[in-house]
Every structure is written in C-alpha cells, then in structure tokens.
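Undergrad: As a plain string of letters, each chain reads:
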Amino acid sequence: MGFLTQRRDRQLAAMQAAGRTVGRSLWQDATRRFLSNKVAVGSVIVLLLISVMAVFAPLLSPHTMEDFYWEYILVPPTLENGHWFGTDSNGRDMFVRTFYGARVSLTIGVMTTAVALVIGVTWGSVAGFFGGKIDNFMMRIVDVLYALPLLFFIIILVTVFGRNIYLVFIGIGAVEWLTMSRIVRGQTLSVKQKEYVEAARAIGLSNLVIVRRHVVPNIVGPVIVFVTLLIPTTILVESYLSFLGLGVQEPMTSWGTLISQGAANIDTGPWLLLIPGTFLAITLFCFNFIGDGLRDALDPEGR
Amino acid sequence: MTRRLLQVENLRVHFPVGGGLFSGPRMLKAVDDVSFSLGPAETLGVVGESGCGKSSLGRAVLQLIPPTAGRVIWQGEDLCRLDADAMNVKRSELQLVFQDPLASLNPRMSVGAILREPLYSFEPGIARSEAEDRAASMMRRVGLRPEMMNRYPNEFSGGQCQRISIARAMISRPRLVVCDEPVSALDVSIQAQIIALLRELQAEYEVSYIFISHDLSVVRHLCHRIMVLYLGKLMEIGPKREIFDTPRHPYTQSLLSAVPIPDPRQARQREQKLIEGDLPSPLNPPSGCVFRTRCPHATPLCLKATPALESTGSEAHQVACHYWQDITRDTHTEKPTGE
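Sequence order for the protein chains is U and P. Per the working numbering, the first sequence starts with residue 1, numbered consecutively. Per the working numbering, the second sequence starts with residue 1001, numbered consecutively.
Any given hint might turn out to be false.
[What the hints assert, rightly or not] The calculated DSS-like cross-link candidates involving lysine-lysine, where the alpha carbons are at most 27 angstroms apart (straight line), are:
(1) P:Lys1240 to P:Lys1273
(2) P:Lys1029 to U:Lys133
(3) U:Lys192 to P:Lys1090
(4) U:Lys192 to P:Lys1029
(5) P:Lys1029 to P:Lys1304
(6) P:Lys1273 to P:Lys1304
(7) U:Lys133 to U:Lys192
Hints listed in this document are in silico derivations from the structure and should not be mistaken for laboratory results. Given the structure is predicted, the values throughout are model-derived calculations rather than measurements.
I would like the entire structure built from these sequences, with the hints used as guidance.
TA: Shown next, in the form of structure tokens:
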C-alpha cells in the first residue's frame, strides 16, 4: 500500500507541475482502487475469457451440440479424438455443450438481472422518494410478492404456458427485483434527507429530475455491488430449476442441465459432472470477487 | 412598515407525529403563530435553542415545507397560494444556504455542474458557454479559482464547500437568502471569512438574509434585527442594539448571559442568569406562556394566559411576556447595587 500512495503522490505532483488541475471524481477514485485489487481484476479477465469462449467455441468447433457420435459414448476427456471434454451418454461432444450451456446460463444471469435492475431501481426509488401512502402501497405489493414461493410460481408458469426459456427469465426476474427494490428504497430514504436534495428543490427542479439527477447517481454504489451478487444467484436459480426439469429444454442445455445429467451418470462418467460444475463454480467465484472489489472501491470511507 | 420585501403573518408549521392504529397523530408545533417582516438588504437573525423551530421557519418561508396556516407575502404576493409552477418561477429570488457544507453538495456532480444547475433551471435555453462564464465569475466572486470547476466536492475543505454553496445560492441573483446555521460547522477562523463574504455579497447584490443561528456572537456581527424563538413561539424581536443592550424577555436575557466573554475578569463580574431544566417536549408544550416552566419570574398568570406580543419603548422592539416591565425595572434597580 505504501508504495502505491507514494506513486500516486508523485503522479499528483507531476500533474500539478505540468500546470493541470487534477480533477479526481469519485468514479475515477473508485476505478483506481478497483484496478489495484488483483483478485477482482483477475476475476474480470477470467469472466471475459469464459464469455468469449461461450460465444465462439460452439461456432469454431467441428461438432455441434446436437450431433450424436454412436461410436463415442461416454468417452472420457482426451486430446486424441477431438472430444476434449469427452462425450455424454448419448455421444454428444461435451466441449461444445459446456460452452453452449455457458451461453444460456450467462444470458439468463445477465438478462434477468437487467430486468430486476430496471424494475427494482425504478420501483424502489419512487417508493422511497415520495414516501407516505405511495411508499406504503408500493412496498406492501413487494411484501405480498415476497410471500410467493419462487418454485411454486415457476411451476404454475410452466403448467400454464409450457416449458420455455423465457418463462425462466420472467419467473426469476419477477422474484429478484423485490430485494433490489428494498435496497434501493432504503438508500433513497437516506439520500433524500441530504441537503443537496433540498437545494435541488429550492432551484425549482421537478421530482422526477431530482430522482434522476440527484438520487439515483448517489445510490448506484450499493446497487452495482448487489448486481454482481444477483447475477450468480440467478445462474444458480436457473441451474436448480433445470436440475428439477423446469428450466431449459433438450437439446438446448445450460450448466444446470449439464450438472443434473452429470449427477445421474456420476459412477460411469464423473467428468460429466465435474467439467460444468467447475465452470459454474469459477463463474460464481468471479462474480463474488468482483462484487467484493466493487464494494471496497465504491465505499466512501475508503477514500 | 410599507414597502417591505417580505411579510410573514401568523405563520404556523405543524407536523403530525406518530399516530398508531387507534390514536390519531399528535401535532408537533414547530412554528406557532410567528409574524415578522423584512426589508431590502436587511438581515434578520433568528436565534434559539435547537428544536425551537428555527429551521422549520426558514423552510416554511421558502415553501420548502408547506405552512399549516398563515401568510408569507413576498413583494405583495402570498407565496402560500401559488401553485407549484408559479412558485418555481419565484424560487430564483428565494434561495438558501445550509449548515453541513459537504452534505449540501451532490458528491457525484462537479462544482461547475452544481453552479450551472440553477441557471439551466431558471433560464431554460441558456447557452452552455454563457452558463459556464457566469459560473466562473461567481466562483471568482466567492473566492474560488475558476480552474477548480471540474473538481468534485470531496476535494474541497468545509469552508470552500460553503463558498460553493453560497455561490450556488447567489448565482440566480436572489433577493432573499435563508442561511440555516451556515457557519456553525466551520472553524472559527473560517467562520469570520464566510461572514465577511456574506456581508460583501449583501452590499453588492442588495440581498436580504434570514440568518438562523444558535450562536449569538455570530449573529451580532451580521444582523440588523434579531428574533428570538422558543418552542416555535416568538419571544422577542427587535433591532440588534436594543436586543443586546436592553433585552426585555427573561429568555433573551438568559441567552445573552450564556454568551462567553473572552476576558475572565469581565466574565467573573457578569451576573449569570442561566436557566435551569431542559427544553420541554414540543409535542406537549406548557400551557399559557411556553417559557414559564424555566422562567424565574413565572406566576400563576403565566400558567393561564398566553402573553401577547407588545411593543416596548420603540415600535420595532416587541416582546411576549406578561411581566417585561417589572423585569426591566428590577434589572435596572439591581444593576447599581450589583456593581
């Protein structure tokens, strides 16, 4: 730490000597702190690699996820026959299937989190900012929805509309925004007490402008951290839904589906469980490390 | 009393507090029946203990919290009757400066953006270059280098933040600025600079101040007239000199005797009139005169009747006490024997 601050001081001195004024916003500060966190930066790199593989591996591989190779059933991982991650009990290439699963799992993670983010931030900041009866009404709706068990909700969706990947999006998104809205509401309650919000009122800004320009930017820190924790949660939820047979449908696959099939074949083909399980675990770890790094970087006390 | 800039009549601000399933909310009378007026380029000091309704009064005048009753007449127009849009037009003339210098600036906005925001709000369609020029000249005016425009509030000291806050309030050229304890969070040396700045700006822009403070020595330097509040009620109001030299209300007298005197020899000679006890709950204020529970002169009359505001010798000096004449006579007879 010592040499870092020294180096920063030298940089500052150099910039001032060059006659420039040093404008360090909170964001620049946070970026600098995040970049000095090696574990978090490493996690970002690993996640990027997995994402790139998820996009390109199924395109570049000679196999597709649906091809059956009857002569290669339950082949363990090897470099000799082109099935680097082995094959499953139907003779399908695990390398392609693993990264195809990554596509589905990461998409579900990011998409449902985006849905939860938009609904949760809007709902929570409006409830917190306007307070009173509006707040009471909006948060009671959240309470009621909280009482609805996720599994029950998704089973109903599946029985009514049939199995469909978008139902998983809707189902998880509909539940995960609730916690987000509570966090945002709490943060909004504390931010709206701040005097700069009153100053904004005194210059005649409308409520919506105040929420957009003065409230939301100041609650962004905790929200970002929660997002990085929400993505792995939704990936996990998807995998247990798929494990129970409520998620994605064959021949499409996801990490959850692969793990459930691997668990069924654990004595004949342990790699079927180990490979997707390892990727899922690495991804979850990465998101958690990034979340930790962001939390430390955005903490104003660390300034 | 003609041609007053601001005239506040019987202003009341009551907040509903609590209220469960079976009981209605109780009313907290933050400001109760307060009237005063303010002329151009005049400074009115508002003093009192914490929780006496000073801040609520200032915010109610600016319509930042809706008054429960009463009138706030600004240049002949009752602000309480304006709708939100009409009020927002008036807001360029009515600004405020806060106590906490850092909390009053949005940490995610650069100083330049903070200063330009009022201009964009009050003068929609203003060119960006003009807004930047005016922000820069305002920064220079309050003693900050315009090159610091792109910095963020966390890079400034408390005194500098307060200068930014003052610049934001002044950039729309207001006629009235409510200063809510603007120096009480600052070091003494910085306090003097900020007060000097407020004074210069008053001379330059002919702005009036409502200066809220619990520090009488600060009020003494800046204010023309002083108003003393206790539990939301007006106790005494008058020109600064009269309030400091001949305070009529026992509460004002005790407040003044609590001001520290730097010279210990003088301080020892001074007659201390400290009041005892704590501030009663504003939810359950005493009947009659609200100050009676801590007043050394209280009689059964004070329990029954609320004292009205009476003019003392001069028209401008008014006091709300049944016995102000007796108390004045006592202090006048006491003084020669005490010395």
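Undergrad: Now, for every hint given, state plainly whether the structure supports it.
TA: Status of each hint after checking the structure:
no., hint, result
1, P:Lys1240 to P:Lys1273, "holds, 20 angstroms"
2, P:Lys1029 to U:Lys133, "holds, 23 angstroms"
3, U:Lys192 to P:Lys1090, "holds, 23 angstroms"
4, U:Lys192 to P:Lys1029, "holds, 23 angstroms"
5, P:Lys1029 to P:Lys1304, "holds, 19 angstroms"
6, P:Lys1273 to P:Lys1304, "holds, 25 angstroms"
7, U:Lys133 to U:Lys192, "holds, 17 angstroms"
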